[in-house]
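Residue numbers (this note's numbering), protein chains in the order written: chain G, 1 to 252; chain S, 1001 to 1305.
Simulated from the structure, these hints should not be mistaken for lab results. Keep in mind that the hints are not guaranteed to be accurate.
[Stated by the list, open to error] Sample of chain S residues lacking proximity to chain G, with all beta carbon distances greater than 12 Å (derived):
1. Leu1012
2. Phe1024
3. Ala1042
4. Leu1088
5. Ser1091
6. Val1096
7. Ala1172
8. Arg1204
9. Asp1207
[Unchecked claim] Chain G stretches covered by chain S per the calculated footprint, using a threshold of three residues with CB under 8 Å from any CB of chain S:
10. 112 to 119
11. 149 to 162
12. 225 to 234
Where is the CB? At the ideal position from N, CA and C, for every residue including glycine.
These are the residues of each chain, in order.
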Amino acid sequence: MHTPSSTSIPSAQTQPSAAGNNANIRANIRFERVGFRYTRDVEILSDVSFSLPRGSMTFVTGPSGAGKTTLLKLIYLHMQPSRGLITVFGQDTSQIDRKAIPTLKRRMGIVLQDFDLVDHLNVFENVALPLRVAGRKQATYRDDVLGLLKWVGLGARAHVLPQMLSGGEKQRAAIARAVIAKPEILIADEPTGNVDQDIARRLIRLFKEMNRLGTTVVIATHNTDLISEDANVLALTNGQVSRINTGMRVKV
Amino acid sequence: MTEILGVNAQALLPDNKKTDRPLFMVFAILAFLATLTLLASAAGYRASADWRSDLAESITVQVKPRAELNRGPNGEPSDPAIARNILLQLSAVKSVTILPPERSQELLEPWLGDTPLPDDLPLPTLLDVRLHAGQILDSQQADAALLAANIRADIDDHRQWDREIKRTTRAAQTISLTALVLIITASITAAIFATRAAITGQRRLIDVLHQVGAPPSYTARLFSTSFAMVGLKAGGVGAVAALLLSTLIGLLFSSSGGFSYFQPGLHMAFFDLYLVVAVPVILAIIIAIASWRTILKTLFEEIYP
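Model the full assembly from the supplied sequences, consistent with the hints where possible.
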């Protein structure tokens, strides 16, 4: 098992400096000695360092309270680190102009544990939300949304309100919303937490398909059964990186 | 009208007709009060302008009786006729009318009632002097001319009245302005309160919009547009109600024959229709700005890092 200090930026730091710079440019997400704490509490994340290259698929694992959700929140710019450096799309998140954050967020798709579906919008409207926010008219995205809903098995549920959906259906609707705008980074927090094993495997296949199309996928999960042998894994324990497997190396 | 600046507020926010009803009532009442204040203020201003215009072009001269009256061929006092001729020679004077003795008696009615007065009771004679438009009578010159003819007269050029009317109008305008400021403050407060309630009620929607990359201005526009629409509709209802009420009051004054001097000012003027249209629009703008600022403040404080 690696210690946090020895696992920081696993590949880029072990490369010659020129190659390292190149790796940083290519890395979609990069953490360098990142610490995070709420007010004066103990650090939830401590000295976390890694790089996730563009087009990679990574599982963030660890027990409950290990800091998985916090790590994801830092990636999708929901919070700023207490210390250290985070770059997303090659930009230092602490230097990003507040006005530019929405534009960066539109390049990401997010699936949260509690789905965050809007109660008074039907499944179609929920899934179409990122496209509406991006300024597209319904006529231009109607077929795309219906097609995606069909693909995730919700074709017949497009005009149903979220409260009429089962947990698995809500999960799929949330995932559909996260991927509808074809994000460059897809972040999912326990996306299989509320579904049975069969649906969980289907969802993982969906993420793999997104990854195959070039999306950088980061999935936080405690369900290690879903993680294949060759998958990239970032394991967290007590807010520190306890293991990074070799598959995570930055492509240079 | 639901899609404004690229945000379809009605489709993204829930249909809150029932929960919006109290807010609708508040905005309607505020618009009603604002419109009524403005209509009353406009009517008062018109009445004041009418009065001052009348006063500026007319002067009252009171020819005082003497113990030994000079009388004309028909036994009427000759002083008023002499005074009339003197005044007519002044360049500013257009016409002079000797008012009948009944008008002098009317002046005494508050003290003596409508009991017929004895014919030999010496009463002053009133002369209604009309001036050429834009001309001012030199009171001192007129006084001197009358004195030279041994006529004792008081010239009332209504300056005192004019000052009183001006002062009263100014006071009424200050009261109206204060009322309007209070109404605007109440509108802003209601809009802020409603926006905060909406932020709490629609927190999930706001969070999701933030997640999917909606800029703060998009979310702010969504809510402020929605509240502005409520304000516009409620403002329209309130303004029309105020218009109907003021028209009704005007009609009641007309039919009762009372307040005849006030009556012309309380009639509807075409300008009043502008007020009725302007109040809901201004109310909607005020609400939109208050809501916009409230939601942006909340977004930057609580949601955006």
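Hint check:
1. Leu1012: The claim is violated: Leu1012 of chain S sits with its nearest Cβ about 7 Å from chain G, within 12 Å.
2. Phe1024: Correct as stated: the minimum Cβ-Cβ distance to chain G is 20 Å, above 12 Å.
3. Ala1042: It holds; Ala1042 of chain S is separated from chain G by about 44 Å at its closest Cβ, greater than 12 Å.
4. Leu1088: Its Cβ never comes within 12 Å of chain G, the nearest being 79 Å, so this holds.
5. Ser1091: Non-interface label on Ser1091 of chain S holds, nearest chain G Cβ at 72 Å vs cutoff 12 Å.
6. Val1096: holds, 77 Å
7. Ala1172: Check passes; 48 Å lies beyond 12 Å.
8. Arg1204: violated, 6 Å
9. Asp1207: violated, 6 Å
10. 112 to 119: Since 5 is at least three, the answer is holds.
11. 149 to 162: It is violated, with 0 qualifying residues against the three required.
12. 225 to 234: violated (count 0)
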